[in-house]
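Peer 1: These are the residues of each chain, in order.
Protein chains: 2
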Amino acid sequence: MQFSPLIEEMIQALRCLPGVGPKSAQRMAMYLLERDRKGGETLANTLSRAMAEVGHCESCRTLTEEKLCRVCASGKRNHSVVCVVETPADMLALEQTGAYDGRYFVLLGHLSPLEGIGPDDLGFDELLQKLKDEPVEEVILATNPTLEGETTAQYLVELLAPLDVKVTHLAQGIPLGGELEYLDGGTLSRAFAGRRGFDQEASS
Amino acid sequence: MQFSPLIEEMIQALRCLPGVGPKSAQRMAMYLLERDRKGGETLANTLSRAMAEVGHCESCRTLTEEKLCRVCASGKRNHSVVCVVETPADMLALEQTGAYDGRYFVLLGHLSPLEGIGPDDLGFDELLQKLKDEPVEEVILATNPTLEGETTAQYLVELLAPLDVKVTHLAQGIPLGGELEYLDGGTLSRAFAGRRGFDQEASS
Chain E
1 MQFSPLIEEM IQALRCLPGV GPKSAQRMAM YLLERDRKGG ETLANTLSRA
51 MAEVGHCESC RTLTEEKLCR VCASGKRNHS VVCVVETPAD MLALEQTGAY
101 DGRYFVLLGH LSPLEGIGPD DLGFDELLQK LKDEPVEEVI LATNPTLEGE
151 TTAQYLVELL APLDVKVTHL AQGIPLGGEL EYLDGGTLSR AFAGRRGFDQ
201 EASS
Chain Z
1 MQFSPLIEEM IQALRCLPGV GPKSAQRMAM YLLERDRKGG ETLANTLSRA
51 MAEVGHCESC RTLTEEKLCR VCASGKRNHS VVCVVETPAD MLALEQTGAY
101 DGRYFVLLGH LSPLEGIGPD DLGFDELLQK LKDEPVEEVI LATNPTLEGE
151 TTAQYLVELL APLDVKVTHL AQGIPLGGEL EYLDGGTLSR AFAGRRGFDQ
201 EASS
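Those protein sequence lines, which keep their order, are chains E and Z. For the record, in the first sequence the residue sitting at position 95 is 95 according to our numbering, with numbers rising by one throughout. For the record, in the second sequence the residue sitting at position 200 is 200 according to our numbering, with numbers rising by one throughout.
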């Protein structure tokens with residue numbers, strides 16, 4: 001015995017969402033059908049539009065339904081700095097700090113031979129072209145501090161070496177609000193190696 | 001700074017799902033946009049069809065896109081027993097045991113004055129009509145063993161008292177595979193009160 005075919009289909013379709021197993025999918029389906037038909041309809045419509053219309057910014061590759069994302073379309077950004085991130089969510093996190101006024105380049109992933117993701121999938125050619133065409137002076141590599149992220153950054157460092165552009169990465173060290181006791185050895189070693197005098201503000 | 005308007009709308013829409021907060025919704029949206037457009041489209045289509053087409057079985061009120069659910073449409077079920085459950089998911093759980101061959105009546109909720117759910121919302125009139133029109137001999141009240149479920153069952157016991165029909169409820173006691181040590185006192189008290197001889201199979 002199962003639910004009726006359409007309900008079973010709906011439960012199956014909900015399982016495409018990350019972190020949703022059979023029981024959660026059933027719970028979600030029952031909730032929408034019993035209590036929130038309007039929410040379900042809105043979700044269906046929005047999802048359908050988003051899947052069809054959301055593409056990539058022509059300049060930085062982030063996800064957007066417009067030709068250029070808001071950052072690239074803005075006239076107020078510093079065109080001499082490009083920050084390379086892995087995902088649109090990383091870009092959003094950096095934007096929300098308000099600490100950066102340059103532009104971005106979104107790789108939409110990281111190098112991962114196991115998953116078959118190589119340089120071609122991450123838009124490295126586009127990035128090189130951009131650096132040749134535009135007056136970029138500095139590239140900040142802000143990939144994640146994971147094995148794949150650092151490998152990707154290292155690859156980019158070598159790729160960008162021949163160009164006349166400064167390549168930097170985000171400072172690594174102890175995060176704010178943490179306790180030294182609970183930090184991993186790798187983070188502490190890097191924090192030691194990168195220690196700075198109290199009079200240094202932002203060296204280059 | 002936020003994502004582009006359509007992506008923000010999608011994240012908002014995903015939050016109608018139970019158990020999905022702002023961070024999960026963002027993760028789901030990014031996953032669908034970056035990695036599973038096809039799954040997202042299927043979900044949108046199925047959801048839209050389900051919201052429009054799934055209604056209630058004319059006989060037992062369970063969720064189905066057909067006029068009659070499979071149980072009510074089946075010619076093989078025992079028409080003299082009706083099992084009253086709170087939700088379609090409860091009905092499914094009982095069906096999957098294979099231990100019951102009668103029919104169901106789905107309340108689609110339980111009495112809850114706080115949420116404004118009264119007898120009218122739970123189809124009690126329909127149930128009474130059904131019991132008058134059809135040759136039902138026994139009604140099994142299988143509401144959940146919660147405060148609301150038991151209140152609902154008690155209300156039904158009084159409502160059905162004038163009718164010439166046997167009203168029963170599911171046996172209460174220790175669940176299989178548990179350990180007595182970890183069971184709550186209420187369950188253990190009921191198990192004591194309902195203890196049975198080893199020669200009793202199914203008394204009535």
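Hints were generated in silico from the structure; no laboratory data involved. Keep in mind that the hints are not guaranteed to be accurate.
Remember, identical chains collapse to one label, so a pair may be satisfied in a single copy or spanning two.
Claimed, not checked - Listed next, the in silico EDC-like pairs over lysine to aspartate or glutamate satisfying Cα-Cα at most 16 Å (straight line):
| id | residue 1 | residue 2 |
| --- | --- | --- |
| 1 | Lys130 | Glu66 |
| 2 | Lys76 | Asp184 |
| 3 | Lys76 | Glu95 |
| 4 | Lys76 | Glu150 |
| 5 | Lys23 | Glu179 |
| 6 | Lys23 | Asp199 |
| 7 | Lys166 | Glu137 |
Peer 1: Against the earlier hints, flag every one the structure doesn't satisfy and list their numbers going up.
Peer 2: 1, 2, 4, 5 and 6
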